[in-house]
Amino acid sequence: MNKLIIPDLLNSLNSILPEIVLSLTLVAIILSDLIFHKNKKLLPYISLIGLIITFVFLINQFGKSDAAFPVAAQFSFLSLDPFSLFFKVIILVSSILIILFSVSSKEIESGLDRHGEYYGLIFGMIIGMFFMISANDLILIYLSLELLSLSSYILAGFVKTSLRNSEASLKYLIYGAASSGIMLFGISILFGIFGSTNLHEINELIRTPAATQLTFLISVIFIFAGIGFKISIVPFHFWTPDVYEGAPITITAFLSVASKAAGFAVLIRFLKVTFIDSLTGNGYWQLIGYIDWQTLLIIIAIITMTFGNFAALWQDNLKRMLAYSSIAHAGYLMLGVSIFSDQGLIAVLIYFFIYMFMNLGAFYVVMLIANKINSEEIDDYRGIGYSLPLLGTTLGIFLISLTGLPPTAGFIGKLYLFIALVDANMIVPAIIALLNTVVSLYYYVRVLRVMFLIKSDKTVSVNLNPLNFAVLMFMVIPTLLLGVYFSPLVNFAKESVQLLGF
Amino acid sequence: MNNFPILTFLTFLPILGMVIVLMLPKKQELSIKITTLLITGIQIILSIFLLMGYNFSAGGINDPSSFQFVEKFRWIDITGFAWIGKIKIDYFLGVDGLSTPLVLLTAIVVFIATISSWSIDKSVKGYFAMFLLLDTGMMGTFVALDFFLFYIFWELMLLPMYFLIGIWGGPRREYAAIKFFLYTLFGSIFILLVMIGLYFSSMETLADGTRVFTFNMLEMMNPANYTANGILSPLNPNNLRLIAYIALFAGFAIKIPMFPFHTWLPDAHVEAPTAISVILAGVLLKMGTYGILRVCYPVFPEITYQLAWWIALFGMINIIYGALTAMAQKDFKKLIAYSSVSHMGFVLLGMAGLNTIGISGAILQMFNHGTITAMLFLIVGVIYDRAHIRDLDAFGGLGKQMPIYTGFVTVAFFAAIGLPGLSGFISEALVFLGGFGSDTTRIFAVISTLGILLGATYMLWTMQRVYLGSLNEKWKELKDLTAREYFMLVPLTVIVIFLGVYPSPMLDLMNASVNAMVKFITDAQGVYSAFNSF
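As given, the protein sequences belong to chains F and S, one line each in that order.
Read in my numbering, the first sequence has 113 at position 113, and its numbers run on one by one without any break.
Heads up: take any position in the second sequence, counting from 1, add 1000, and you land on my numbering.
By construction, these hints were calculated from the structure, which means they are not laboratory data.
In this text, all values refer to a predicted model and were calculated from it rather than measured experimentally.
Yeah, the Cβ is synthetic: ideal placement off N, Cα and C, and Gly gets one too.
Misleading hints may appear alongside valid ones.
To be verified - Straight-line alpha carbon distances no greater than 35 Å define the calculated DSBU-like cross-link-like pairs of lysine-lysine that follow: (1) F:64 to S:1088; (2) S:1027 to S:1122; (3) F:455 to S:1479; (4) F:455 to S:1026; (5) S:1330 to F:455; (6) S:1125 to F:455; (7) S:1026 to F:458; (8) F:455 to S:1033; (9) S:1125 to F:458; (10) S:1122 to F:372; (11) S:1179 to F:455; (12) S:1027 to F:455; (13) S:1027 to F:372; (14) F:455 to S:1122; (15) F:458 to S:1033; (16) F:106 to S:1125; (17) S:1026 to S:1179; (18) F:372 to S:1179; (19) S:1122 to F:458; (20) F:455 to S:1474; (21) F:372 to S:1026; (22) S:1179 to F:458; (23) F:106 to S:1026.
To be verified - Ranges between beta-carbon positions, derived for each pair: (24) F:45 to S:1027: 38 to 44 Å; (25) S:1026 to F:458: 18 to 24 Å; (26) F:485 to S:1490: 40 to 46 Å; (27) F:64 to S:1079: 18 to 24 Å; (28) F:64 to S:1005: 52 to 58 Å; (29) F:24 to S:1008: 49 to 55 Å; (30) S:1394 to F:458: 35 to 41 Å.
Take these sequences, add in the hints, and give me the full structure.
As structure tokens, then:
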């Protein structure tokens, strides 16, 4: 039996300072909601301050590779490695943006009396994701996943008066509960086989093939299903379009970026740490061969992206279209994971960083326009390019970047992905992914067509305040700049491929 | 003069113009137009400086030292730990005898298209901003020598072109615009894949002796730079060079457009506004053939040899098929569009000859087709502006009503047919000489002569239907050319006649490079067959 040692435990608290700050902010939000319940304007400020302090503590951890909360000599609950730091940065930046989105969202404003809940639950999600990214232990992964999920179920249905919201929330809850149940079942089988839930320990144990293959296979597939639900890959994607369409835009945007980032981080850690045999000299991972992960993931990735892109072709609601497009992007990312090399991992990290800006940006513009016209139907965007030139143009830039055309950043994300694929001699998946890009062009450009090619008599006007403008620029500038000068991002990603122990 | 980054200015001046245009208030339409005219005018002046400083004896093609006006800076430099994520990309511009004629052509055609755009009255600001962005994309493609940079410029053209056709085009503009976009993007994904494949197959030696993967096209052409097991390296016994060549060729062929990838062209041409048709036919189509000559030929010389027969075959199909289809058209613009398909076939046929005469003919044909087709589209534009229809059968006897206009029409038509004394004749003659000169392509050259006959048929028939005979009463009010139209047609006519009588300046311009290319491809056969033998 492994014992936790108290001094080690106290030492380890140092390593989770960002998480502690997040929890304190959560407490502060609840208290402020209780004490100053007349003044809800305070809440976003408290949230932002909390996030910024977290960021400072996070920067302190830069370059560290530590194990926190050790169990026995060589295993630990949490790992603080450059890999988790990268994803924490993504989650933190997107959280800051989401708080800023929420300030100007009409939908959220309508539920003013429950703003304490709203910001508190967002912090619940963030804390869940932070632990999930670092977790080395299946129990911790499961607990943090549940914290994330439960918070997001409620947030998806935040606007009580909206039927759409409630429907989304219920659907999300049902699918989520089922998949996390399956995952928990998988974890328990795994524990039954190995007597451990620590990923590193399992990795050591499966090197000596004691496990009966079938049970092991089933348990791993079950865990995979739980994670697959979070990143909405086919066949665990059914909730995505409905929830994305129904939930408030801010939450949809958050789910599509941050929650997906956390899911991918867990998936990568789970696959790499549990199954790795050795790293070859040029960065390829040799996996222990119970399951042909590569073929499985390539097939899932290809089905996911093809399904996402083709389904998006028929959508008339912009939010729903972006939901399917995010499924397609999960497919591209999955293809990057399936390379099983550090090169592929770099591609995934770069892609995610860029995806954050362009996807959040697209949702932000949709939100600003929906504030005014109360609709996300593509047909209602007729002539928007003329009546709202700034918003029309920026949405155009984000969509072109999502397609992956140069000179936008989306191209760089795709370029690195294809470089990694070609280097791994995976030419056929690369061609399929590229053909998918052509398909995706059609539905992204359809929005451009409606905005610019069709004129409308109605004129819409949106008054952008300086904050809106600043937030918009904060996302447009990286989307354009990273397309022509991407060295810093690639360097950051390159420094971040290291997982604890590997 | 030597330190002046003339190519950067040529390429990015339009972007500067775009920024100015975007800052001008929407109502100031005239100043927007004048800004564009000034920018494109400066481009012409810069390209004349380019010609004045040009060294006619430098070859270029695969030899970095004989490129001219070279600008080379490290743009992206990521040094990896181990090999991971290591990428070096250069901002590398330069011209040789292959690109200079096309830079010149772009400057001229864009300037004339600007004058032709004067009649645009819908969202003027947006139009000229897109127009200038397109200009940058085209210039950049012709001067970039780094494959990555080349690809960025290549793709940069897609979006402005989509909007220019889609917003300012004819009734079916949306269909035509998206068709153009999807076709070209489909083509460019293959270019992207081959680009990445080549990146992993060739290594450049840096000043400090380390070897790194490279996007530099000239380094890709050097057989000594191949890696041992890159998928597109001839040293790798399982290399995919043949497949990659076909994919790359197809990517470029869509732009030419080569049969069977040509169906986007008539739609795009018919719907595009006149000025955009002029640019499309005058410059954009040449990018396909330029890409083949710049990338496919020198990077894959041994496969070029192997497939010359096929290139000639498709050239012949383009010539005959384009001409036959043109003959069946009722719409004036569609007729010119299909005649473009036919004339671009001559470029393919000339290239396939793989000898100096043939390739010179091909490049000259690219230039001449650019000027002649620009003229033909302007001619269509002139009557469309007045009559608002383009139906060939609706006219008749315009020669009496608009004699000066018909004079220009005659020059353009005869140049397109290839009448001696006009520029089209020289290039077509060279293409045929080149085609006959090579055993592989002789049979196709013989059959393609039929294309000249067919070309004469549809052109003269059109002449007869529209300009000769008795005047249709409906068109009694049509006025002859305006001053603006003179400005567009006179310079092109001068070029067409001048190059018809005295083509040497243009041939001298490309001669050294064409010789270098032919020599390089011929010599490479020995080198590459040595690769295959071990």
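Structure-based check of all given hints:
1. F:64 to S:1088: 28 Å, holds
2. S:1027 to S:1122: With Cα atoms ~11 Å apart, residue 1027 (chain S) and residue 1122 (chain S) stay inside 35 Å; holds.
3. F:455 to S:1479: 33 Å, holds
4. F:455 to S:1026: 17 Å, holds
5. S:1330 to F:455: Given that 35 Å is the threshold and the Cα spacing comes to 31 Å, the pair holds.
6. S:1125 to F:455: Judged against 35 Å, a Cα distance of about 16 Å means the pair holds.
7. S:1026 to F:458: 20 Å, holds
8. F:455 to S:1033: 23 Å, holds
9. S:1125 to F:458: 21 Å, holds
10. S:1122 to F:372: Roughly 27 Å separates the two Cα atoms, so the pair holds.
11. S:1179 to F:455: 21 Å, holds
12. S:1027 to F:455: Since the Cα atoms of residue 1027 (chain S) and residue 455 (chain F) sit roughly 19 Å apart, the hinted pair holds (cutoff 35 Å).
13. S:1027 to F:372: 27 Å, holds
14. F:455 to S:1122: Holds - the C-alpha atoms of residue 1122 (chain S) and residue 455 (chain F) are around 11 Å apart, at most 35 Å.
15. F:458 to S:1033: 29 Å, holds
16. F:106 to S:1125: 33 Å, holds
17. S:1026 to S:1179: 30 Å, holds
18. F:372 to S:1179: 33 Å, holds
19. S:1122 to F:458: 18 Å, holds
20. F:455 to S:1474: 33 Å, holds
21. F:372 to S:1026: Answer holds: residue 372 (chain F) to residue 1026 (chain S) is near 25 Å, not above 35 Å.
22. S:1179 to F:458: 29 Å, holds
23. F:106 to S:1026: 32 Å, holds
24. F:45 to S:1027: 38 to 44 Å: 43 Å, holds
25. S:1026 to F:458: 18 to 24 Å: Taking Cβ atoms as reference, residue 1026 (chain S) and residue 458 (chain F) lie about 19 Å apart, which means the hint holds.
26. F:485 to S:1490: 40 to 46 Å: At 44 Å between Cβs, range holds.
27. F:64 to S:1079: 18 to 24 Å: 23 Å, holds
28. F:64 to S:1005: 52 to 58 Å: 45 Å, violated
29. F:24 to S:1008: 49 to 55 Å: Taking Cβ atoms as reference, residue 24 (chain F) and residue 1008 (chain S) lie about 54 Å apart, which means the hint holds.
30. S:1394 to F:458: 35 to 41 Å: 38 Å Cβ-Cβ, so the 35 to 41 Å window holds.
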